[in-house]
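Protein chains in written order, with numbering that gives the first Met the number 0: chain G, 0 to 353; chain P, 0 to 305.
Keep in mind the hints are simulated off the structure, nothing from the lab. Take the hints with a grain of salt, since some may be wrong.
[What the hints assert, rightly or not] Restricting the straight-line Cα-Cα distance to at most 20 Å, the calculated cross-link-like pairs of lysine to aspartate or glutamate (DMTMM-like) are:
#, chain 1, residue 1, chain 2, residue 2
1, G, K245, P, D278
2, G, K341, G, E330
3, G, K2, G, E289
4, P, K102, G, E201
5, P, K102, G, E203
6, G, K81, G, D163
7, G, K129, G, D28
8, P, K221, P, D278
9, P, K129, P, D185
10, G, K5, G, E338
11, P, K174, P, D185
12, P, K102, G, D202
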Amino acid sequence: MAKKQKLILTILLLIVLFALSWVVNIAMDSYVRRIINLCLIYAIIGLSMNVTNGFTGQFALGQAGFMALGAYVVGVFTVPVKLRASVFYAVPMNPLIANIQLPVWAALIGGGILAAFVAFLIGAPVLRLKGDYLAIATLGFSEIIRIVITNASSFTNGALGIKDIPTLNDTRYIFVATAITFIFISLLINSSYGRAFKAIREDEIAAEAMGIDLYKHKCLAFMISAFFAGIGGGLYAMLLGTVDPKNFLFTLTYNFLLIIVLGGMGSITGSMLGAIVVTAGLEYLRVFDEPLELFGVNIPLFRPGFRMVIFSILLMICVLFWRHGIMGTKEFTWDGAREFVKHPLRMFHRKGVA
Amino acid sequence: MEIFQTIANMTGAALAQHVANGISLGSLYALIAIGYTMVYGILLMINFAHGDIVMMACYFAYFGIAVFNLPWYITVVVTVVLTALLGALIERTAYRPLRDAPKNSVLISAIGASFLLENLANYLFSGRPKRFPRIPILEQNVSLGSVQIQVISFVIPVVTILGLLILLHIVNHTKTGMAMRAVSKDYEIARVMGINIDNVISATFMIGSALAAVGAFMWGVKYPGITPMMGVMPGLKCFIAAVIGGIGNIKGAVLGGFILGMGEIMIVAFFPQLSGYRDAFAFIVLIVILFYKPTGLMGEKLMEKV
């Protein structure tokens, strides 16, 4: 297919999806809308995590911390000034920021920029590390961010969290944010920067020998990843309407890890699919938390907590037996789709990707 | 200057109390850190589930004493055996199938195993904290002058040193230990030389888990609240302790454990206003160590191979 045709198809698809989000927003009840919005937000954060972990090959586990930064910037600066005294009832808000209220979009972008800036600061020591060390160090920083937030009560209300954040359970806006993230990251990955990221993933020493500045590119990937995680965190805060340091425990990062593993490390469309499957799956698994009666017999297995056991077993199965996930490092392409429509059975003849 | 004031105000008794606490916390970290360092030395992977093995060992001990009414010394033995088996089981199911997979897959599998253990414990034992059973002999106080110190605070370092000596004997003077050293030096060659890699790795996991079980029991006596998430923070800190000492080095892990335990207690003692940042201390030490001495205090220098 010609390049122009594909572009038109992509734009058409985006318009159709946007129209769909409009329909969802009008026709669905608030519970379903919340799940769809959560899918979209998780897609943003999954995509952001894929930039470092999937494309640059740097195994960072700091997403929960960057989300917390974005969420707190939104939380602190969008709560209406007159409600602040009731939110910050234990420790009064710091007078420096007590009267600053930002519009939502500015707070979101501000949260992203703060997260990117912190990533820049953290990146200097951390990005010299590799593999497991990098994972532990980023995880540690994500916890440090959370600990600082818990202790800086006059800015963040400490362990009490912030409530009365203006809520945004509107699929249209969140869809636009996800689409922008998707387009930006697709363009980035197909640019010369993206090729440098992939070169670093494949072989750092060879990439360096080819003249790629390792530190600069890793830092760039890390900052972009943090920026979008911050945006995602801000949207998450607005979806919930409250933020609390306990929301951003590093176990939250595992959700996104599952998303990118399931979708395929290094596949943008894979991350989108992964986000939908994981979020919707977690909702559907709620069945396991409810008591179940079969033919009048109460099955004792079904009680609260069973859902997470199933979820973690699925994660293990996925890692052990299906390491490449849904997409591997491949992408959804229009050519591939056309091929599939013409010969729907051919994909089953080919052996799995190595 | 504030710090000198705080030190000057501190009485000898209070200082002795803090030192005792620091030593026992450090010993507990050391016992758990050994498990990390042994696994890393052989498989070059972080056993993320190790902290959760500690948690499971606490629950085993809880059920042994509180539910099955076993005497505590028998419970220790049962706990150690069960935990060693659990460690081997985790290795068998979560790590062995990925022996030849890329490192990141193994790391994700380890995270998954840890997550599974936490959720399983939450499901089986409920998320509400349980009180570790009281063991009066270990919990009574001994007075040294004006200082009151629990018996367990003396037992912990002694057991740790004993464990370390036994472990060093196993590693340096037995056939299994020799095989372990061979596998950690060169995995492929060891396999070619006829060492059964799988058995050696299983043995490593069992020894590491057994030590973790001993640590967990004493942890339970000293800090009695047990919850499904209790293993996470000690787990991360003990991995950091292993890195500080030089990963793969058993004595280094013990040294790192002591440094972390002491440092943590002393920070809270001297800077009470920083006590909220207690958990951040370990991570800051980690970053500093990795920055200035990436192979740790007692580690060997490694060259990167292309």
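Now the hints, each set against the structure:
no.: 1; hint: G:K245 with P:D278; verdict: holds (15 Å)
no.: 2; hint: G:K341 with G:E330; verdict: holds (18 Å)
no.: 3; hint: G:K2 with G:E289; verdict: violated (51 Å)
no.: 4; hint: P:K102 with G:E201; verdict: holds (13 Å)
no.: 5; hint: P:K102 with G:E203; verdict: holds (15 Å)
no.: 6; hint: G:K81 with G:D163; verdict: holds (11 Å)
no.: 7; hint: G:K129 with G:D28; verdict: violated (46 Å)
no.: 8; hint: P:K221 with P:D278; verdict: holds (18 Å)
no.: 9; hint: P:K129 with P:D185; verdict: violated (44 Å)
no.: 10; hint: G:K5 with G:E338; verdict: holds (14 Å)
no.: 11; hint: P:K174 with P:D185; verdict: holds (17 Å)
no.: 12; hint: P:K102 with G:D202; verdict: holds (14 Å)
Of the numbered hints stated above, those contradicted by the structure are hints 3, 7 and 9, listed in ascending order.
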